[in-house]
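Trainee: Chain by chain, the residues:
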Amino acid sequence: MNTMTAVNTESSISIRDLTLNFGAVQVLKRMDLEVAPGEFIVLLGPSGCGKSTLLNCIAGLLDITDGQIWIKGKNVTWAEPSERGIGMVFQSYALYPQMTVRGNMSFGLKNQKMPQAEIDARVARAAEILQIQPLLDRKPGALSGGQRQRVAIGRALVRDVDVFLFDEPLSNLDAKLRSELRVEIKRLHNKLNNTMVYVTHDQIEALTLADRIAVMRGGVIQQLDEPQTIYNRPANLFVAGFIGSPSMNFIHGAVKGGKFYAEGIVVDLAGYEGGALIDRPKAILGLRPEHLTVTNTAVAGKTIAATVEIDENLGADSLLWLKAGDNQISVRIPVEDRLNAGTSVHLEVDMSKASIFDAETEARV
Amino acid sequence: MADATANTPAVGIGPGPRGAKPRNAFAPRNIMLYGTLIIVAIYYALPLYVMIVTSLKGMPEIRMGNIFAPPLEVTFEPWVKAWSTACTGINCDGLSRGFWNSVWILVPSVVVSITIASVTGYALANWKFKGSEFFFAVLLIGAFIPYQVMLYPIVLVLKNLGDGISFFTVALGLGKVQVYGTLWGLVIVHTIFGMPILTLLFRNYFASLPEELFKAGRVDGAGFWGIFFRIMLPMSLPIFVVAMILQVTGIWNDFLFGVIYTKPEIYPMTVQLNNIVNSVQGIKEYNVNMAATLLTGLVPLIVYFVSGKLFVRGIAAGAVKG
Amino acid sequence: MADTGISSSSGARGAPGSVATQATLPIARKPSRLFRNLASKIALVPMILTVLVIFVGCTIWTVVHSFTSSKLLPKLDFVGLAQYERLWGNDRWMVSIKNLAVYGTCSMIFSLVIGFTLAALLDRKIRFENTFRTIILYPFALSFIVTGLVWQWILNPDFGIEKVVRDLGFESFVFDPLHSDQFVIYGILIAGLWQGTGLVMCLMLAGIRGIDEDIWKASRIEGIPVWKTYVQIIIPMIRPVIVTSVVLIASGIVKVYDLVVAQTSGGPGTSSQMPALYVMDRMFKDQNLAQGFAASTMMLVAVAIILIPWAYLEFGGKKSRG
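Residue numbers (this note's numbering), protein chains in the order written: chain A, 269 to 633; chain B, 596 to 917; chain C, 108 to 429.
These aren't lab readings, by the way, just hints derived from the structure by calculation. Certain hints may be false.
Just a few of them, taken from the derived set where beta-carbon distance is under 7 Å, the chain B residues facing chain C [as the list claims (entries may be wrong)]:
1) Tyr644
2) Val645
3) Met646
4) Val648
5) Val714
6) Trp722
7) Leu734
8) Pro748
9) Ile787
10) Thr844
11) Thr865
Since the structure is predicted, the reported quantities are computational estimates derived from the model, not experimental observations. C-beta: ideal position from N, C-alpha, C; glycine also.
Using the sequences plus the hints, can you model the full thing?
Mentor: Following this line, the structure appears as structure tokens:
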């Protein structure tokens, strides 16, 4: 092994060649990640994809097998968590039950042997930012879930660090509180402009909060991009299927001469924004439900004939489940355009927003 | 549920049963159930009852009547005699000697064994390293090795330990130190044999606390001892109580280690009790014997009746090994 | 701690928006494995010492010395299997084994049956459940010495049950197990069951209570009688608890010592000898150490025979090493 490594000294967090094994299982596989100062990165993926594990490695709570971790230009690969210049917020809040809110927030500072006056000043400032001053002398047991999570954020805040790590901080809260705190975290980020690494399995949180999203599966980052790119140009089949609800429609077929052929379907691929469309015997056409429109008139190469099966009223809009040949297709339509089951319609494809995947490599073309 | 609303006729409008199903407290089934339980309870309670009534009778009354009859004339003479003048061999200062010996054995043994086991359990739950689980597995297997297998070599270990310590104390001019045959030898033995079950108890308890608390502590810069004392200990009172109950009753009731690792002057109460009751010389004074037996059983009985549910939790925790 | 390589070109931060600056820096070397989590390793020293010195070391020491002719002092003059031949040719040992077999079989069967039956009775949502449980479990808190002495007294033919029944008019009634070569072991069994069944009941009750309430609803809807539900549905469902109970009872049986010492001292004659007693007498009374080591090694083998199938059932297939 060479004893020197190239590191991007401008990055806030720089992860090089990170590998983590649990026994024979490789949990993280030679991972690289650069996070710019002030960037909000969301690690997104299904459970077991290694996103929380990666966060724990950054925090120093797990000893890695191989690789390097740099935070603010400092090699912290083997540093203690408290020496890494990070603050962390946990899913279960992890507030020390026997200490007051003030005690919880000042525990880390006391361990640093900071003067009491400085501790008080920092706690007061964090409490003000999070508006938890009235709670300072209460025990965590007397707080609601939302209040607890604010305190947990406050505990990270008083450390006055550049990097915040969030481990699914909102998943123990109910839907309403979750969206409130989501906005709060966003506001906090705008105000402090810290680097934030945020782990979640909730794609709404990821899409709303992130500057960039890292979609993970099986210990590997599948795609690292801005939310809009992830949504519109998913790098592969997994990312395409994981992001978006209801998920993207996948039609199995073949690409031949600039056209996509599936059973009973022929679509002209002109206007597709992606790579060169060489012929592929096995390809998958991915269409998001909102990128299809229902029309009555068939246009050769532009529309897909389908029959309505079910119409689900979602309140704001309506979801239409149709059958086109063997394929099930969902389409989002305005509520007022609802259709009865059995109606035959044509679906117009917006090719500029479609994705084509190679069925073998599962990568986007 | 069984009979609280017994025989209450169903009140309501219209025909058909309404409300709770009527139940009869004296249904044959209930009589069977409670009858069986009462007989069982009598069987279990009887020895305690016999101990009490026998210890309150004079010897003439014991020779005349039957052991189940309550005392006609209550006397506390046997208790006084058992406590202060009953003889074991040449010593005739009663069980009080054994009682205080047991107390002196109990206190350090409980403190040392629980201290070591709690730290061990914490380290095993939160600070695993390669090999720690393996040693723990062997420790648990060790709990099943019959004590008889290890008794003699432990005598040698304690003797050597004494010699080893003496090497330093003599060099420092403090004289020779004995471990085997002393209180501290027995404390070590109790610590060793209490370790598997207590460690399991503490390890499982600490492992059941949210792992994120431990992680938060590390991010906050607390180390091994900082997390133990500042975060874990304040949350662990219940498990310490359970461990105390387990150890107090276990060590108080010990006979085997007391016989082997101590000398007659510091025999614990159980050993002295056995020597008093099963001594072959003299006339048997059954009332004194029963008073002595009760006195010996008193400490664990008080612990048991005071702790109630926690005791059950303790033994259930102690029982679920592996 | 890591040898942190602090960026030498950190001045590059002053140029926002510039292309990422690449600097070549020394990588941190992995710190020595030995000193990572050092506090945790130090904390586990008592456990590791216990495992290595006592559970492994002392056990091997005893097994090795069982192949010698050690008498008063241990010495390493190997005589092959001579001690084992002597052991199996010894009448007292054979009596011990026979007693252990009878006591063990009965104790196992009755403990399980009585324990489960009592648990099922207490599970019937009865009133005073806590009182009944308290009464049935309290003997478990007592020392075996206390238990042995109480039952010695109750079974005393001159004052105890035999006399009470005779006084009722049954002049020829005989119930004197403790003085009968043939029945003495059953006298010990009565006392052993009295002390131990409460624990089994508690475990079983915990197991039964742990079962989903819906099972009962389902069996009621299908009209299965209560006793049948217990036997055919509940028992298979609490298999882990039963296995735990079996292991606990079995390891208790092999260790039984104090109870016999207190109740009969192994008598009359040698008819209530137990292996543990045999070991203790050989080692500490007769100064025939190697014979005691051989006997205790046999006890170890017996435990292994019980334990290995259990471990296989419990952890079968899985590797339990962390």
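Trainee: Now tell me if each hint is right for this structure.
Mentor: Status of the hints after comparison with the structure:
1. Tyr644: violated, 10 Å
2. Val645: holds, 6 Å
3. Met646: Since chain C brings a Cβ to about 6 Å from methionine 646 of chain B, closer than 7 Å, the hint holds.
4. Val648: Not OK, violated: valine 648 of chain B not within 7 Å of chain C, min 11 Å.
5. Val714: holds, 5 Å
6. Trp722: This interface hint holds because 3 Å falls under the 7 Å limit.
7. Leu734: Interface hint status for leucine 734 of chain B: holds (5 Å vs cutoff 7 Å).
8. Pro748: Constraint on proline 748 of chain B satisfied, holds at 4 Å.
9. Ile787: holds, 5 Å
10. Thr844: holds, 5 Å
11. Thr865: Given a least distance of 5 Å, the restraint on threonine 865 of chain B holds.
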